[in-house]
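Trainee: Please put together the full structure from these sequences, using the hints given.
2 protein chains.
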Amino acid sequence: MSSNNDKITNKHTVWHDPTVFRADREALNKHKSAIVWFTGLSAAGKSTLAHALEDKLHKRSIHTFVLDGDNIRQGLCKDLGFSDADREENIRRIGEVSKLLLDAGVFVMTAFISPFKKDRKIARDLVTHGDFIEIYCKASLETCEKRDPKGLYKKARAGEIPEFTGISSPYEEPESPELVIETDKKDVEQCVAQVINYLEEKKII
Amino acid sequence: MSSNNDKITNKHTVWHDPTVFRADREALNKHKSAIVWFTGLSAAGKSTLAHALEDKLHKRSIHTFVLDGDNIRQGLCKDLGFSDADREENIRRIGEVSKLLLDAGVFVMTAFISPFKKDRKIARDLVTHGDFIEIYCKASLETCEKRDPKGLYKKARAGEIPEFTGISSPYEEPESPELVIETDKKDVEQCVAQVINYLEEKKII
Numbered sequence: 001m002s003s004n005n006d007k008i009t010n011k012h013t014v015w016h017d018p019t020v021f022r023a024d025r026e027a028l029n030k031h032k033s034a035i036v037w038f039t040g041l042s043a044a045g046k047s048t049l050a051h052a053l054e055d056k057l058h059k060r061s062i063h064t065f066v067l068d069g070d071n072i073r074q075g076l077c078k079d080l081g082f083s084d085a086d087r088e089e090n091i092r093r094i095g096e097v098s099k100l101l102l103d104a105g106v107f108v109m110t111a112f113i114s115p116f117k118k119d120r121k122i123a124r125d126l127v128t129h130g131d132f133i134e135i136y137c138k139a140s141l142e143t144c145e146k147r148d149p150k151g152l153y154k155k156a157r158a159g160e161i162p163e164f165t166g167i168s169s170p171y172e173e174p175e176s177p178e179l180v181i182e183t184d185k186k187d188v189e190q191c192v193a194q195v196i197n198y199l200e201e202k203k204i205i
Numbered sequence: 001m002s003s004n005n006d007k008i009t010n011k012h013t014v015w016h017d018p019t020v021f022r023a024d025r026e027a028l029n030k031h032k033s034a035i036v037w038f039t040g041l042s043a044a045g046k047s048t049l050a051h052a053l054e055d056k057l058h059k060r061s062i063h064t065f066v067l068d069g070d071n072i073r074q075g076l077c078k079d080l081g082f083s084d085a086d087r088e089e090n091i092r093r094i095g096e097v098s099k100l101l102l103d104a105g106v107f108v109m110t111a112f113i114s115p116f117k118k119d120r121k122i123a124r125d126l127v128t129h130g131d132f133i134e135i136y137c138k139a140s141l142e143t144c145e146k147r148d149p150k151g152l153y154k155k156a157r158a159g160e161i162p163e164f165t166g167i168s169s170p171y172e173e174p175e176s177p178e179l180v181i182e183t184d185k186k187d188v189e190q191c192v193a194q195v196i197n198y199l200e201e202k203k204i205i
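Protein sequence lines, in the order shown, are assigned to chains A and B.
Take the first sequence: its position 79, counting from 1, is numbered 79 in my numbering, and each next residue is one higher.
Take the second sequence: its position 171, counting from 1, is numbered 171 in my numbering, and each next residue is one higher.
Not everything, but these chain A residues come out facing chain B in the computed CB check (under 8 Å):
id, residue
1, H58
2, R93
3, V106
With beta-carbon atoms standing in for the labels, derived distance ranges:
id, chain 1, residue 1, chain 2, residue 2, range
4, A, E182, B, A23, 31 to 39 Å
5, A, K146, B, V180, 55 to 63 Å
6, B, S83, A, P170, 33 to 41 Å
7, B, H129, A, E172, 41 to 49 Å
Rather than coming from a laboratory, the hints here were simulated on the basis of the structure.
A virtual CB, placed ideally from N, CA and C, is assigned to each residue, including glycine.
Mentor: Below you can see the structure in the form of structure tokens.
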């Protein structure tokens with residue numbers, strides 16, 4: 001492998017630097033890439049909102065991708081559990097993959113509880129200011145527990161799931177996220193509209 | 001987080017399944033996505049070839065991305081060393097990230113020694129037959145050692161790098177790669193042309 005700085009010529013080979021960069025991919029895509037990082041309690045609506053947002057953006061010819069439990073926990077992070085250390089490594093890897101997708105020109109959305117401030121900060125600090133849009137899906141624990149689409153809160157209350165966020169493990173609310181969406185007070189359409197308004201205002205889309 | 005199968009409605013929330021899939025992204029991109037997996041000795045020209053290929057493909061409006069040591073070893077895999085176990089985990093993660101990029105509609109190229117058959121098989125088996133194009137960058141150890149753009153062979157010979165592929169750790173040649181490119185007998189332009197011919201023949205691009 002040649003690094004970016006290698007420029008070596010011999011009889012048969014010229015070493016090439018990369019010639020295609022994020023800006024070139026954005027130009028091809030005709031839009032900027034970005035990371036929209038949804039955080040919040042289980043059942044706060046992160047994945048729902050990410051997929052509903054993706055639907056709208058795709059219809060506007062934006063090149064989108066959603067990282068969520070469905071494509072991360074069974075794949076890249078299948079070796080990780082739910083201890084604090086594993087949660088940290090999980091979020092670190094998601095941050096790194098988001099960065100790669102960002103560089104690939106993709107408008108990436110992530111939908112993970114990501115309960116710890118320091119882990120979200122690690123993901124944020126991987127990229128340039130403005131590329132990371134943290135959106136807090138704010139819903140009361142009561143609401144989330146009432147929804148409980150997978151029965152996880154029930155299991156957690158029964159002590160069957162250790163270190164469950166909101167029950168036996170803390171959720172650290174973002175102090176200054178780019179956006180707060182009260183997902184227990186608005187329907188999905190309204191939530192999506194709020195995100196799109198923000199992205200348009202900031203000229204991200 | 002809601003899984004693909006959750007469809008729950010309450011007063012304020014409708015749970016959405018994903019509505020944008022790989023085929024939709026490929027339709028937007030106007031090309032298929034694929035994984036081109038370059039394997040071969042250090043200095044066999046994998047990264048060079050990947051970047052030269054990317055240059056050509058990008059000019060054809062193909063949405064490309066290269067995974068190589070420069071963006072993986074300092075990021076996603078910075079916790080890994082070069083033991084057999086760490087090499088295996090390194091390749092596993094690269095395979096998983098390639099799969100995510102594939103799903104995101106990206107034409108992804110990887111440039112890693114990936115010396116072990118079983119690890120390359122793990123990466124191959126993550127995706128559907130036809131999505132994984134293994135290209136063996138074949139160059140003699142003698143040639144690679146003579147090139148030695150980073151002085152790694154020299155260090156390995158001096159015993160300063162343990163488990164260096166070709167010197168103190170084996171390189172297992174692919175038995176039935178999609179393509180073999182003799183990178184010590186052709187210049188970069190010829191190598192790229194060989195890859196492009198293959199991709200066109202197979203109607204991948």
